[in-house]
Amino acid sequence: MDKQIQEQMYKAFFDLLEEDASSEKLIHITKLLDEIKVILKSFVPSRLDIHSQIDQTITNPTWDVQEKLVSWIEKFQSPQHDKMTSKWKKELPTNISTFLKQYYQHLEVVNKEVYEARTKLANGENLFQTSNDKQNNNGIPEKIQSGR
1 MDKQIQEQMY KAFFDLLEED ASSEKLIHIT KLLDEIKVIL KSFVPSRLDI
51 HSQIDQTITN PTWDVQEKLV SWIEKFQSPQ HDKMTSKWKK ELPTNISTFL
101 KQYYQHLEVV NKEVYEARTK LANGENLFQT SNDKQNNNGI PEKIQSGR
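Under UniProt numbering, residues 1 to 148 are what the sequence shown spells out, in order.
One should not assume that every hint holds.
As the list claims (entries may be wrong) - Derived Cβ-Cβ restraints for the label pairs, each shown as a range: (1) A122 with E35: 22 to 28 Å; (2) N95 with A122: 35 to 41 Å; (3) K89 with K11: 24 to 30 Å; (4) W63 with E7: 25 to 31 Å; (5) A117 with E24: 36 to 42 Å; (6) V114 with E24: 33 to 39 Å; (7) M84 with T59: 21 to 27 Å; (8) F128 with S23: 44 to 50 Å; (9) K31 with Q8: 17 to 23 Å; (10) R118 with K25: 34 to 40 Å.
Everything labelled a hint here was simulated from the structure, so no lab data went into it. Cβ coordinates follow ideal geometry from the N, Cα and C atoms, glycine included.
Turn these sequences into a full structure, and let the hints guide you.
Below, the structure is given as structure tokens:
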């Protein structure tokens with residue numbers, strides 16, 4: 001049920017974004033850009049110089065803000081997402097509300113990945129171990145190939 005409520009909220013908000021873009025009010029678009037900046041800054045919480053750069057480059061909802069947003073997310077995302085952002089770069093500029101919807105969804109994925117990686121680091125866990133690598137208590141994987 002929570003997921004349904006969240007989906008309805010997203011749908012309502014992005015419908016408002018679409019209305020803003022067509023009427024050129026930009027109220028909700030500006031609010032979303034502010035939220036995006038907060039999330040981008042959360043990737044580097046202690047780097048006030050980068051916070052300042054984010055604030056200076058992402059100012060208002062113009063066509064070039066799309067390029068700047070893609071540039072920023074590329075710095076924080078894992079390489080597995082590079083194909084998608086490269087595709088975005090080729091398609092820019094595009095409808096601002098459509099772009100922001102896709103961007104925000106991707107930003108949430110990247111934010112979740114960063115959070116999970118930081119949690120693993122804080123707990124002393126291996127960031128690179130896959131869930132398929134079952135290990136014994138001694139840390140040696142159960143299935144090892146000898147090379148024969």
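Each hint, compared with the structure:
1. Between A122 and E35 the beta carbons are some 25 Å apart, a value that agrees with the proposed interval 22 to 28 Å.
2. Distance hint check for N95 and A122: the Cβ-Cβ separation is about 40 Å, which falls inside the suggested range of 35 to 41 Å.
3. Judged by the Cβ atoms, the range 24 to 30 Å given for K89 and K11 holds: they are separated by roughly 27 Å.
4. Between W63 and E7, the C-beta spacing of about 29 Å keeps the proposed range 25 to 31 Å intact.
5. Checked against the hint of 36 to 42 Å, the C-beta distance between A117 and E24 comes to roughly 40 Å, which is consistent with it.
6. A hinted range of 33 to 39 Å for the beta carbons of V114 and E24 is consistent with their spacing of about 34 Å.
7. M84 and T59 have their C-beta atoms about 25 Å apart, which keeps the hinted 21 to 27 Å range intact.
8. Checked against the hint of 44 to 50 Å, the C-beta distance between F128 and S23 comes to roughly 48 Å, which is consistent with it.
9. Between K31 and Q8 the CB atoms are about 18 Å apart, so this pair conforms to the stated range of 17 to 23 Å.
10. The hint said 34 to 40 Å for the Cβ distance between R118 and K25, and at roughly 37 Å that hint holds.
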